[in-house]
Amino acid sequence: MSTNEEHFHWPPSDPKVVKDELISSTKRGGGFIKKSIWVLSILSILGIVGLLGKLFLESDDQTQWGYIAAVLAFILSTTSGAPMVAVAPLIAKANWARPISRIAHIIGVVGIINIIIMIPLLWVLPPLIVDGARRRSIWFEAPNYSPHFWDTLSLIMLAIVGIALLYSSALPDFATIRDNSNGVKQRIAKFLAHGFVGSTVQWSTLRMRIGMMSTFYFFTLIFAHTLISIDLSLSMVPGWRDAIYPMAHAMGGIQGGIASVIIVAWIVRKYFGYENYITINQFWALGRLMFAASLMWIYFFYSAFIVFWYGKSMSDTAWLDLLIRGPMMYVFILGMLFSFIFPWWWLIWNKVRNSVNGPFYGAIIAIFGVFFERVRLYVPAWSVDPSLIHDKWLKVIPKTLFPDIWDVLVLVGAVSSVFLIVIIVSRVVPFIGIWEIQQFNLLAKPVKYIKAHGVRVAKPD
Amino acid sequence: MQQRDNENRLSQEYTNSVLLNGTLQTPRWWPYLVSVLGFFVIIGFVLFGIQIKYGLGVTGLNRPIYWGLYITTFVFWVGISHAGIMISAILRLTQAEWRRPVTRAAEILTIFSLATALVFPLIHAGRTWRIIYWLIPYDVSRGIWPNIRSPLFMDPIAISTYLTGSTLFLFVALLPDLAVLRDRTTGFRKGFYTILALGWRGNPRQWKMQVVGGILLSALMLPIFVSVHSIVSWDFAVTTAVEGWHSTIFAPYFVIGAVHSGVSAVVTMMALMRWGWGWNEFIRPEHFDALARLLTVVATAWLGFTFLELLFALYGLDAPEIALREMQIFQYPWNMLFLTFLLTGYILPVPMWLFKRIRTNIALMFWSSILVNIGMWLERFLIIVPGLARRTPFVFTWEAYSPSWFEWYILFWSFCWVTLLMLIFSRIFPLVPLFEQKESEVFSDDIKIGRATVPTIFREEEE
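Here the protein sequences come in this chain order: A and B. Just so we're aligned, residue 672 is where the first sequence starts under this note's numbering, counting upward by one. Just so we're aligned, residue 95 is where the second sequence starts under this note's numbering, counting upward by one.
Among the clues, some could well be false.
Far from chain A, by Cβ distances over 10 angstroms, these chain B residues were calculated [what the hints assert, rightly or not]: (1) T188; (2) A331; (3) F344; (4) P549; (5) F552.
Taking beta-carbon pairs under 7 angstroms as the criterion, some of the chain A residues facing chain B (in silico) [as the list claims (entries may be wrong)]: (6) P798; (7) D913; (8) G982; (9) V1027; (10) A1123; (11) G1125; (12) V1126; (13) R1127; (14) P1131.
What the hints contain is simulated information worked out from the structure, not anything from laboratory work. Ideal Cβ positions, reconstructed from N, Cα and C, are used throughout, including at glycine.
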């Protein structure tokens, strides 16, 4: 077997070149980045204004808060699932994910936005005891404000674990930056590196820490999706009993997370000139994951749909009337198109998956799909007349609710603040993990075997 | 015979001779075991004949529990059948290298367990031939048609499609090995393998077609794999009349449970193959290690689904549903079954699998995989029967369900039957794919990284 590096885009084999090229991502794009930070900051502030406007003007009408809950679910779904793109390959010892695992971790730290959106929602989310009677919820006999407490706690935990995961995975890179820069950057890196010098004990502790954090992050993610999906939509609708819903919600979150990683990886590759680091292999693998996630979406949806459609009980029919053919029928159609039909039909082609732009366009489509899905699920649920909460099933289907100016501001602000946080973090942490690439180079080598081109991948225990 | 070549890989000649030792020769224990199993199987057929003569009265089935041990066992074997595609197709698509020695056994387990599962609705029907009335529009003049929207109608179609696809999948993967057998046998057997090998010579075009065929079949089989157990679950879930059945989570819950039980059955089989045929160099502790890791993830996901299923049963605060769960979890004898189900399905095996020493201990893996399948059989029993067994108003007769010895024997028969079929298969075809094993030897290597020796594999890039 002989090496054949020219056949592939491949990270440079010289560790010094890798180090210099990747550290430079924290300094690149000075003027443009500054302008972007300003614009995004203003838009983020507008989002805060939107939240305040909503809180002061519409806090007495719970039915008007569906879009805010949908924005929370949308941001949760498109960002918090991202670290799973790094976690799953870590468990499966898949080497391909190393160049994009840092991007996945960076997207995961935007959990703070979810907490900010959750705060005003706490004012309007009904307690467990309404009009002297306990409403249906997963909290059964728990204290009155259990959903408020636990949902917020789950989001706080998710944000903290997300930050801890990024910090743990970036620790060796802080040490590299400390040893290869000067001034303020060096001082910050020195503080963050926390005395990391790369001893055997430190590496083994780090590996263990990343593994544990990843596992904990996964469980926290499922916990948060379960609570948010049930408390902020399902239990607001009388008679909606749907055991698969939390898992379907989490699955949508994984789909959104993969899409976010693809989009950011595409931007980083194109505008930071990292063609040799983030190669077609990463997009191909992510494209396959996206394709699988689209199939999972339709499977979970259909598993619920057929049971309601076939069951034909009053509560089953109410589910269909509220969430499929009722006030959000057109959003449902858009959600179906963007979450399943378009990404599925696009990514089914190997040539599309095996390209850089194909998965990128698929990811943009899927992000819209996640948005439409969250609007379809949360807006009608919040639109239900609160006085009907104790009914056995939903007898009055609410009318279509359109977003007002505050809702639009919150959406714009939330999306902007995601980009803002990602850009700010990228000024401190390189977009591509330096140590991940060094290990990638150690563990995988492009080789030519007889007439075939391939990669020899090491799988350490 | 040279065991290892110059590059310290197992030689191809040695691989052929060891992996064909159950096919070209008869292991000493084989005739005895086949005879014993054959005896039990024949008794099963006799009992089935008696049941046809005297009707379902010989079973414990009675109003209102019409679905009992037979249907539980049907669902159980459909679940086991998920082993093949999980191991073979999904792991092939994800390029998991450790799958190689396990694929064939998983595929045949799929085929024989599906064939066995298909028998159970026939047994359950009592008057077996009447099944045809439910499936085929036989009575045009009276306008009686099968309800094609019913999952009960879709079930046999899905299972037959899965069985056909799995057989094709197995056959495509068998081709290179059939050619090896053709070239090493004489007389009738040579003729038999010559026909089956379809002129396989191992030229580049044939290899390419075989690989492409395998990948395409893997991708095509995946939706069928998921749909089969989903449709089985909808037999129950679309029914509103039985408490505990009408749940949206049933489809993925059944599928993940099936994967849990199927992969565990593969572990059981691998251990038996290693002990029975002495394939210690091919079925190694690292394969058990990888399967146990996979099982840990699958089992934990399955536990999550179990929790959600229970949570949402109580969520509606419907008195009958709560009473059912109370009966299922707290009332004797259901509580004992429920406890055993939880202990054997998750609580005992999964913590064991967290330790590498246990994951690589073949005896412990064998017993833990048996535990899982006890738990998974009980899971199906606890889903199907209690909902029918709980006393409700307006039912004029009540019989507590206690399976008769007939039913227990037919359950035992099904295990003997599947084992017998697998043993017969092992005398005709190799249980470990020869070409996969040889490819693995070529693609695998050990390299030095620093002071550590690390196993590596070669992955071909797409052009």
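Practice prompt. May I ask you to test the interface hint for A/V1027 with respect to chain B, counting a Cβ-Cβ separation under 7 angstroms as satisfied?
Written response: violated (14 angstroms)
Worksheet item: Taking the closest Cβ pair, is A/D913 under 7 angstroms from chain B?
Response: holds (5 angstroms)
Worksheet item: Is the shortest C-beta separation between A/V1126 and chain B less than 7 angstroms?
Response: With a minimum Cβ separation of about 5 angstroms from chain B (threshold 7 angstroms), the hint on A/V1126 holds.
Discussion item. Checking hints one by one. Is A/P798 an interface residue toward chain B, by the C-beta closer than 7 angstroms rule?
Written reply: With a closest approach of 17 angstroms, the A/P798 hint is violated.
Practice prompt. Decide, holds or violated, for the assertion that all CB atoms of chain A are farther than 10 angstroms from the CB of B/T188.
Written response: Label violated. Min Cβ-Cβ 8 angstroms, cutoff 10 angstroms.
Worksheet item: Is the nearest CB of chain A more than 10 angstroms from the CB of B/F552?
Response: Non-interface label fails for B/F552: nearest chain A Cβ at 5 angstroms, not farther than 10 angstroms.
Item to complete: May I ask you to check that B/F344 keeps its beta-carbon over 10 angstroms from the closest beta-carbon of chain A?
Response: violated (7 angstroms)
Fill in: A/P1131 as an interface hint toward chain B, with CB separation required under 7 angstroms
For A/P1131, the interface hint holds, since the closest Cβ of chain B sits about 5 angstroms away, which is under 7 angstroms.
Worksheet item: Holds or violated: is the Cβ of A/G1125 closer than 7 angstroms to a Cβ in chain B?
Response: holds (4 angstroms)
Fill in: Status of the hint placing A/G982 at chain B (closest C-beta pair under 7 angstroms)
Result: holds, 5 angstroms to nearest chain B Cβ.
Worksheet entry | Distal placement of B/A331 relative to chain A, Cβ over 10 angstroms | violated (5 angstroms)
Item to complete: Mind checking the CB of A/A1123 against every CB in chain B and telling me if the closest is under 7 angstroms?
Response: OK, holds: A/A1123 within 7 angstroms of chain B, min 5 angstroms.
In summary, the structure is inconsistent with hints 1, 2, 3, 4, 5, 6, 9 from the numbered list given earlier, while agreeing with the others.
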